[in-house]
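So the protein lines, in turn, are chains A and B.
Here my numbering = 1-based position in the first sequence + 138.
Here my numbering = 1-based position in the second sequence + 12.
Hints are computed from structural coordinates only; laboratory data are not their basis.
Any given hint could be a false lead.
[Unchecked claim] Where chain A lies over chain B, by a calculated footprint (3+ residues, C-beta under 8 angstroms): (1) 135-148; (2) 173-182; (3) 251-257.
For clarity, every value in this text was computed on a predicted model and none was experimentally measured.
Glycine included, every Cβ here is placed at the ideal spot set by N, Cα and C.
In case you want the letters, here they are:
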Amino acid sequence: MKSGLWTVLGLTLLAGSLSAAPARAGDPEQICDVPANLLSTESSLSKVAEAVRSGQPLNVLVVGSRSSTIPSFEASAYPAKLQAALKESLPSTTVNLSVEAQSAKTAEDMAAGFVKLVEAKRHTLVVWQTGTVDAIRSIDPDDFRNALDAGITALQQAGTNVVLVNLQYSPRTESMISGSPYLDNMRVSAQEHDVPLFDRFAIMHHWNDAGDFDLFSSAHGVELAKRVHACLGRALSKFVIDAAHLGPAQQN
Amino acid sequence: MTSIADPISGTQLADAKDASGAVAAAPAITMPATSERELRLDLFRGLALWLIFIDHLPTNILTWLTIRNYGFSDATEIFIFISGYTAAFVYGRAMLQAGFVVATARILRRVWQIYVAHVFLFTIFLAEISYVATRFENPLYTEEMGIMDFLKQPDVTIVQALLLRFRPVNMDVLPLYIVLMLFLPLILWLMKWRTDVTLALSAGLYVLTWHFDLYLSAYPNGVWAFNPFAWQLLFVFGAWCALGGARRMSRILASPITLWICIAYLFAAFLVTLSWYLPQLGHIVPRRIEQWMYPINKTDLDALRFAHFLALAAITVRVLPRDWPGLKSPWLRPLILCGQHSLEIFCLGVFLAFAGHFILAEVSGSAGMHFLVSVTGIVIMCAMAWVISWYKHSADKGAARYKSPGGNADLAGGAV
């Protein structure tokens, strides 16, 4: 399924490369454009828009597993970069961001803790990154789907907006981890609950194909991880702002 | 009339039936007397093998030639259906001629071969994953490296693999096939009694599977990626077609109404598939249909997938007559050869996919390399099929045996 995406994408890229909006801000040395269609969503983030328009602080919580961090370089991981990019784009808004990294936790494990997690503090937006641990452990896709539904429902009932972040594109382990059932279920679940899905998998796949990053390589140290996370953070920021329909007027 | 039924429209082996002590009333199955191969089966099984190989590689330009991008079903359906068809064709004949015990013995030998092939592939997988585990260190993917954790307890993992409960990615088809073949004696025995009742029982099991959520558990979590309780329907349907069902369906297959229903369904499936890749087209699928339709479950052979395969098959037998001269063309020869030795070529394909991943990771992951790996893999598969075929016909001690028209496994593509 994901395969066809790339071919179709290739064609749309040919046509759309002129209009594709780059998700780039600062850091001129790293080119990591994201085609506009990978950052478009029909779902909207009304609470985020409300907070920004009324001058409230934007409280963001990132819940994820280990791929939401870079071990011992937290400040370079995508959540920190997301916060920086949001601040840059929304200079008049206070952006608070906290990270709840739960390594080796499945979607079900995480969803179980949501009620408590959201109660503690009033969040405007919860970014939920999941799927990888479930894929590694080959959790029954139906159970995964139920966990997604339960988690999203709990968050929405607590009055926060939700953004789902799916798996990383990891070519090196593609022959060992079967990600597609989890990617599919996340897409369907997002659609059903009207929640924006940040397609990290497709975006990283695009960067790899376009030659921005060589994700196949095993020789890189922490630098590659830092650069990828910086690009992910910026792209996610743009995605959030677009999904909240915050035009340039609100951004100033 | 162009239907898949044609190959088995030979005279009925009524004598053989009586001899084997079948119920005297209306013969339930009819076997072909003709010894001519059904090249269309070989052709499409070869095609399925190529597509499975390409789908197992990382995505590349060739991936979008595979049928799963244009509808619900994919190469697995073709493979399992044709396997059921040929297995019933070969062993059904053995059952009529030599009796239940001998046929069962032959089937069990085949099951053993498939099992050994599966274990062989698992060994290669272990080698690959162990290599990656020791060489690969990328902070970006610390989480994904968790997949290596099973190496920490090989005592459990390897035993679970031998029990078919632990199956790495891309190694799900052979265990399904082993289970289906294990039940083939029972299926054939029932079919000898009443073909239609057997198919009805199979459909009944399929319905029960969906109703009661029957499954086989896997290690360490989850279920078999291809649920045998559900996928048996396609296998039994293949057997049913081989044993006379297809001929009885020929009138339905030849009707223009069927044709138009199939075309309409395939077109609708194509539109739905398109909406997965182009989110802008999301609105063409009404929300109500979307809610009813998703998820399209591959594990349990979703009825939408089954229907999609049926529609494809119905159109194929119509467009491609049995005596289509192209089947003899040298251009299709490689595909047909691959289809004729499907177990060997399937295993080789899985191995080549592993090797392809490895080359892409170690040498270069460029698009050109992807293309090269895919094409080289297919060329190797064809060359191997040619070598195996040469062994069978010229080099083996029993080569002459295969030239005789008596129903042997080779006749129907090694019964895989």
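### Task
Hints the structure violates: just list their numbers, smallest first.
3
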